[in-house]
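Asks: Chain P: place on chain D using the hints.
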Amino acid sequence: MARALEGLKIVECGNGLSAPFAAKLLCEMGAEVIKVEAPGAGDVSRGFGPFPGDVNDREKSAMFHYLNAGKQSVTLDINSAAGRKLLHGLCAGADALLVNGDVAQLEASRLTYADWSAVLPQLVLTTITPFGFTGPYSRLRGHDITLCALGGVSNVVGEPGRAPLTPPLSLSAYQAGMAAASATLLALFARKVTGRGQHVDISPLDVWVTVHQGTGFTNFVNFGRDRTRAGRRRNEPYPYHFLEASDGLMCLIARDGHQWKRFIDMVGIRELIDNPRYADRVAMGLKYPAEVDALLQPWFAQKTRAEVFELCRGAHIPFAPVRHIDEVAACSQLAARSFFVQLPATADGTSMRVPGVPYQFGATPAAITRPAPRLGEHTGALLAGLGFDAQAQAGLARAGVI
Amino acid sequence: MAGNHEAGVRPLEGVRVIDLSWVLAGPVAGRLLADAGAEVIKVESRKRLDNTRRGKPVPVAPGVHEADSDPLDRVPLFHNLNAGKQSIALDLGTPDGLALLKRLLAISDVVLDNFAPGVMTRLGLGPEVLCAEFPQLVAISLSGTGQTGPLADVPAYAPTVTSLAGLEDLVGYEGEGAEGILGLNLADSFAGLVAFHAILNALWSQRATGCGQFIDYSEMEGICTMLAMPLMDFELNGRVMAPTGNTEGQAAPYGMFPVAGVDQWISLAITNDDEWLAFCAATHGQAWCDDERVATVAGRTSLRLELEQAIAVYTREQTAGELLARLQAAGVAAGPLHNFAGQLGDEHLRARGLFHEIDIPDIGPHTIYGSPWRLSDTPTQSRSGAPKLGEHTTAILRGLLGIDDAEIARLSAAGVLT
Numbered sequence: 001m002a003r004a005l006e007g008l009k010i011v012e013c014g015n016g017l018s019a020p021f022a023a024k025l026l027c028e029m030g031a032e033v034i035k036v037e038a039p040g041a042g043d044v045s046r047g048f049g050p051f052p053g054d055v056n057d058r059e060k061s062a063m064f065h066y067l068n069a070g071k072q073s074v075t076l077d078i079n080s081a082a083g084r085k086l087l088h089g090l091c092a093g094a095d096a097l098l099v100n101g102d103v104a105q106l107e108a109s110r111l112t113y114a115d116w117s118a119v120l121p122q123l124v125l126t127t128i129t130p131f132g133f134t135g136p137y138s139r140l141r142g143h144d145i146t147l148c149a150l151g152g153v154s155n156v157v158g159e160p161g162r163a164p165l166t167p168p169l170s171l172s173a174y175q176a177g178m179a180a181a182s183a184t185l186l187a188l189f190a191r192k193v194t195g196r197g198q199h200v201d202i203s204p205l206d207v208w209v210t211v212h213q214g215t216g217f218t219n220f221v222n223f224g225r226d227r228t229r230a231g232r233r234r235n236e237p238y239p240y241h242f243l244e245a246s247d248g249l250m251c252l253i254a255r256d257g258h259q260w261k262r263f264i265d266m267v268g269i270r271e272l273i274d275n276p277r278y279a280d281r282v283a284m285g286l287k288y289p290a291e292v293d294a295l296l297q298p299w300f301a302q303k304t305r306a307e308v309f310e311l312c313r314g315a316h317i318p319f320a321p322v323r324h325i326d327e328v329a330a331c332s333q334l335a336a337r338s339f340f341v342q343l344p345a346t347a348d349g350t351s352m353r354v355p356g357v358p359y360q361f362g363a364t365p366a367a368i369t370r371p372a373p374r375l376g377e378h379t380g381a382l383l384a385g386l387g388f389d390a391q392a393q394a395g396l397a398r399a400g401v402i
Numbered sequence: 001m002a003g004n005h006e007a008g009v010r011p012l013e014g015v016r017v018i019d020l021s022w023v024l025a026g027p028v029a030g031r032l033l034a035d036a037g038a039e040v041i042k043v044e045s046r047k048r049l050d051n052t053r054r055g056k057p058v059p060v061a062p063g064v065h066e067a068d069s070d071p072l073d074r075v076p077l078f079h080n081l082n083a084g085k086q087s088i089a090l091d092l093g094t095p096d097g098l099a100l101l102k103r104l105l106a107i108s109d110v111v112l113d114n115f116a117p118g119v120m121t122r123l124g125l126g127p128e129v130l131c132a133e134f135p136q137l138v139a140i141s142l143s144g145t146g147q148t149g150p151l152a153d154v155p156a157y158a159p160t161v162t163s164l165a166g167l168e169d170l171v172g173y174e175g176e177g178a179e180g181i182l183g184l185n186l187a188d189s190f191a192g193l194v195a196f197h198a199i200l201n202a203l204w205s206q207r208a209t210g211c212g213q214f215i216d217y218s219e220m221e222g223i224c225t226m227l228a229m230p231l232m233d234f235e236l237n238g239r240v241m242a243p244t245g246n247t248e249g250q251a252a253p254y255g256m257f258p259v260a261g262v263d264q265w266i267s268l269a270i271t272n273d274d275e276w277l278a279f280c281a282a283t284h285g286q287a288w289c290d291d292e293r294v295a296t297v298a299g300r301t302s303l304r305l306e307l308e309q310a311i312a313v314y315t316r317e318q319t320a321g322e323l324l325a326r327l328q329a330a331g332v333a334a335g336p337l338h339n340f341a342g343q344l345g346d347e348h349l350r351a352r353g354l355f356h357e358i359d360i361p362d363i364g365p366h367t368i369y370g371s372p373w374r375l376s377d378t379p380t381q382s383r384s385g386a387p388k389l390g391e392h393t394t395a396i397l398r399g400l401l402g403i404d405d406a407e408i409a410r411l412s413a414a415g416v417l418t
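Chains D and P are the protein sequences, given in the same order.
Counting in my numbering, the first sequence runs from 1 upward without gaps.
Counting in my numbering, the second sequence runs from 1 upward without gaps.
For reference, chain P alone in the conformation it holds in the complex:
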């Protein structure tokens, strides 16, 4: 697949990005940029390691000596979030390190960070400085609650952000308290996606005017853009939304139903009469098929609990695969509940290219997640794994900044390139 387009145009060819970000949100955005063809240079340091380099490493590939390979370079999570980037090791705590970073910013289009608010300013890289010294630069800072305002200093993790934004309170079983989505990192991963979008907007403008700008992204606000319905309902009608389980407005049956086996579930979504007739055709002979009381949306909604219980008694005896095939053949929106094992084995997800195999030095063939979009003419996909720490330091200093070997040796001896 990728081979056909290997030499083809990539949408962000020629865009240079300085990626100062770490952990999850920023690196996701940086990887999306790299997948689209941007030259993404990750600035990192052993003195301030990206946490995800400290994760559990995988063993070296056959033929590679353990002693020749740094475990920091073999962490699957790091590869997943940083595939396709280059790495320069710079200690930004030294004047020389900071000066080199500034020389890179002068020849780049984008700088991306997700430090706590204030850190960039303390480094001497606050918004005013960036805009004044590097007018072409699109600079984006991602943070939990934004760079300004009374809560800007709140230390944030993805679930504390979704708690502050109100989303955690809306997920739960009907009539019970909040259950939350602590199993997800939605605020961070969504931030990566939105930051990518924001960067493209600013680059579009930069192409037209030559001017960059500073962008302040708040993860809490990102989540709130998806909570418009309850926020406006409170504003207009004073209603405070409570968890509604799996229910969805006037749709019934709508939810998760148990099937044969231990903790096996399918989703089932009937939102109108056509889908209900299809469901009845697929479950021919069951009591609900001839029950006039549930023949209409209003009837099914008012008898929802009773109906869904009866259907659950039925589905519990069915095998997921057989039942789903029968339901989908009839035109019913039904599908399996996937864990990762289920996803990896899913022929559709594989066919969409969502699990992408790349060859990584020291590790060998390695699977990372693929692109979230399919572009027919200029596909976006990672072509390599994440860089080794500092892998491109010399090449970048020499090639991009024109620094000679003697000066590189001096910087290295002074501990700047670590």
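Chain D on its own, in the form it takes in the complex:
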């Protein structure tokens, strides 16, 4: 079956997570992706792991395989004049160039739109930088935690009075990557009309502050209600928190009053059903949540998360187990939907099982057609395509360009 983006050609000068994730999203939907890596070490994610059996091997980093399967790899020193020329050659036939790094790094490597717009006006250049190319912070340093703290994520995660928390796993980079992939497509839609490319300027901070802040932001701007950390609960009508079952935490939410009514009828705790003090869910959530927790705790303590989950599902109550990662890996729902996919095997027989795509397309499903590339695996073929024969390539290799 044809894939949605067949015919699109993307060059990625990406490193680590954000731009490689963006290019991966386009690649599995059918775009041809040429990944440019630095000679020698290549993409830093070749060192991320996890490695099979914990044995460090830069060709077997599971994160590299997850992010880069389906792409072709060319090694190129883009900081040399000859390397830049080759990059131009690769981009001349491409629709978009995706890059990530600090603004200063991209300027040093001549990967800004000013460097490209005159040479290849039809090319879309998508940059992912910590703070974006404009604004007073554009040249500041920022890591994931910097962006989560500024972006309003950490402000609402953690215990009151204790250090705010940042979710693990560099979620900022995934947000930026997802935004970069779709904004690149937007620029390509625009190009159908204008005939020219443009600069797509992506900062994870912009994504955190906009689409992820819609509800709380509105309350603050209009009603002066700011938010803060509330630990394992949220300051909302009861319930909106975690509670201990016999083998771990359950997540309790019932936005709809009927869901709560069904729950207390099911557990049959007379106090909760009869006492008017427990009819006002706003007061219960904001004024005396611990008191209500104490009434529920004995019922939860006698049951496993799985037992509570089954009872709640049967009564259409949306409580869910806080699952550990091994339980997620074994999830019957993910299995039934074939969410995990086995990547095509590399020449040495490595084949990783990785998370797939979260969307099932009826007519043009995602597919990964090649294994993750070895460092520079396609350098020879791609340079031959640009007219460099074996001898010319040997010269470039001696000069450290490829």
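Honestly, the hints are just simulated from the structure, not real lab data.
Hints are not guaranteed to be accurate.
Listed next, the in silico DMTMM-like pairs over lysine to aspartate or glutamate satisfying Cα-Cα at most 25 Å (straight line) [stated by the list, open to error]:
(1) D:K9 with D:E159
(2) P:K388 with P:D377
(3) P:K388 with P:D153
(4) D:K303 with P:E176
(5) P:K388 with P:D91
(6) D:K261 with D:D226
(7) P:K47 with P:D91
(8) D:K261 with P:E13
(9) D:K287 with D:D326
(10) P:K47 with P:D96
(11) P:K102 with P:D377
(12) P:K47 with D:D256
(13) D:K303 with P:D153
(14) D:K192 with P:E39
(15) P:K102 with P:E133
(16) D:K303 with D:D247
(17) D:K192 with D:D326
(18) D:K9 with P:E13
(19) P:K56 with D:D247
(20) D:K261 with D:E236
(21) D:K287 with P:D263
(22) P:K56 with D:E107
(23) P:K56 with D:D293
(24) D:K9 with P:D70
(25) P:K388 with P:E407
(26) P:K102 with P:E391
(27) P:K56 with P:E391
(28) P:K388 with P:E13
(29) D:K192 with P:E13
(30) P:K56 with D:D280
(31) D:K261 with D:E244
(32) D:K85 with D:E32
(33) D:K192 with P:D377
Replies: Chain P alone, transformed into the frame defined by chain D:
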């Protein structure tokens, strides 16, 4: 800013979207489409109100009479999530309402919903029907766990989805249990972003082939795409990840540090020796600057707790603004912890256009969030607030479907247009 491009090309000009979605995830995707220039028609009904219309309204603008304005049309959250859309009021519980919806689908490119799985099928709009009757249509359904599979029927809210996906279990203080991210709606807001991406992919294909398709998005799977590292580590090595606080691999110091004032914090991230030297230059004279034991990544990692405690004692005495200026001038990744007040006052976030002011009838000037991306040539930004409930009903029936006034009057009298 917007004025320069007001007449310019918008990337999705000419794309028509029927937005059946409500609450958060679907409306976020619909707004991104509207901001990019698509014609987004929100189908709604007083008999099945979008919950966010029931939120707290703001007062009417000066000069507008309270009696002339419906509070349902003055809810800031609704405007934030539905800016730039049109509204048609249709009762889909009536045969006429459903027939009108189908006539709209026949002339549209996209239909978007985030009903519980099964609802669209019960309306007679299941995937097979949509694909057969409207072959050009890109139809996307967003749900907590997907349209198929043994858990498809699980009622879902954003935090229950992140619980099932395993993310809630990974956030917490080191050595303690899960703390979770109940303060966020990550599964829903991320769904809006991913759905937008999926729709663009399918539209790209539709432009080439003329054919649409059905897309089934699972919020749980969306979250799992970001959990690749621990999922694969379990698969390969049997390790079950536990919360690690603010630590990040071999980076130290790395975390949140208290500064002068009540509950004031800054983030500080030192990931290599260059950044450490910059930090020492900015904190000249402190004990750690000359401590050989913490001069290397390995040394700082092994003495992390001791080092971070010493730094916290120091930062507690410093004013956030002064300390951050000094650290950033030296090239250290450090920044404030923002609440909404901090964000609104942040000159960088304002300069990026993240807080967007629009003029809304009945309310006046109103701030909503801006676009998550900056396109240099064809910027995307809302040009109006959310529609009043049913504001465009007549215009759409007349203009798009060519229905005459007598028939509109009949439909209205029959209660279809509510």
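Asks: So, for every hint listed, does it hold in this structure?
Replies: Right, here's what the structure says about each hint:
1. D:K9 with D:E159: The given pair, whose Cα atoms are some 47 Å apart, is violated under the 25 Å limit.
2. P:K388 with P:D377: Violated, at about 31 Å.
3. P:K388 with P:D153: Roughly 33 Å separates the two Cα atoms, so the pair is violated.
4. D:K303 with P:E176: This hinted pair holds, its Cα atoms lying about 22 Å apart.
5. P:K388 with P:D91: Answer holds: K388 of chain P to D91 of chain P is near 16 Å, not above 25 Å.
6. D:K261 with D:D226: 30 Å, violated
7. P:K47 with P:D91: This hinted pair holds, its Cα atoms lying about 7 Å apart.
8. D:K261 with P:E13: It is violated: about 47 Å lies between the C-alpha atoms, which goes past 25 Å.
9. D:K287 with D:D326: 36 Å, violated
10. P:K47 with P:D96: Given that 25 Å is the threshold and the Cα spacing comes to 15 Å, the pair holds.
11. P:K102 with P:D377: 36 Å, violated
12. P:K47 with D:D256: 17 Å, holds
13. D:K303 with P:D153: Between K303 of chain D and D153 of chain P the Cα gap is close to 22 Å, so the pair holds against 25 Å.
14. D:K192 with P:E39: With Cα atoms ~18 Å apart, K192 of chain D and E39 of chain P stay inside 25 Å; holds.
15. P:K102 with P:E133: 9 Å, holds
16. D:K303 with D:D247: 8 Å, holds
17. D:K192 with D:D326: Status violated; Cα separation ~46 Å.
18. D:K9 with P:E13: At roughly 24 Å apart (the allowed maximum being 25 Å), E13 of chain P and K9 of chain D satisfy the hint.
19. P:K56 with D:D247: 39 Å, violated
20. D:K261 with D:E236: 17 Å, holds
21. D:K287 with P:D263: Given pair K287 of chain D, D263 of chain P holds - Cα atoms ~22 Å apart, limit 25 Å.
22. P:K56 with D:E107: Distance ~47 Å between K56 of chain P and E107 of chain D Cα, so the pair is violated.
23. P:K56 with D:D293: 28 Å, violated
24. D:K9 with P:D70: Outside the cut-off at roughly 50 Å; violated.
25. P:K388 with P:E407: Holds, at about 22 Å.
26. P:K102 with P:E391: 20 Å, holds
27. P:K56 with P:E391: OK: K56 of chain P and E391 of chain P at ~20 Å, within 25 Å.
28. P:K388 with P:E13: Given that 25 Å is the threshold and the Cα spacing comes to 23 Å, the pair holds.
29. D:K192 with P:E13: Satisfied, since the Cα-Cα distance of roughly 11 Å is no more than 25 Å.
30. P:K56 with D:D280: 19 Å, holds
31. D:K261 with D:E244: 21 Å, holds
32. D:K85 with D:E32: 21 Å, holds
33. D:K192 with P:D377: Status holds; Cα separation ~13 Å.
In summary, the structure is inconsistent with hints 1, 2, 3, 6, 8, 9, 11, 17, 19, 22, 23, 24 from the numbered list given earlier, while agreeing with the others.
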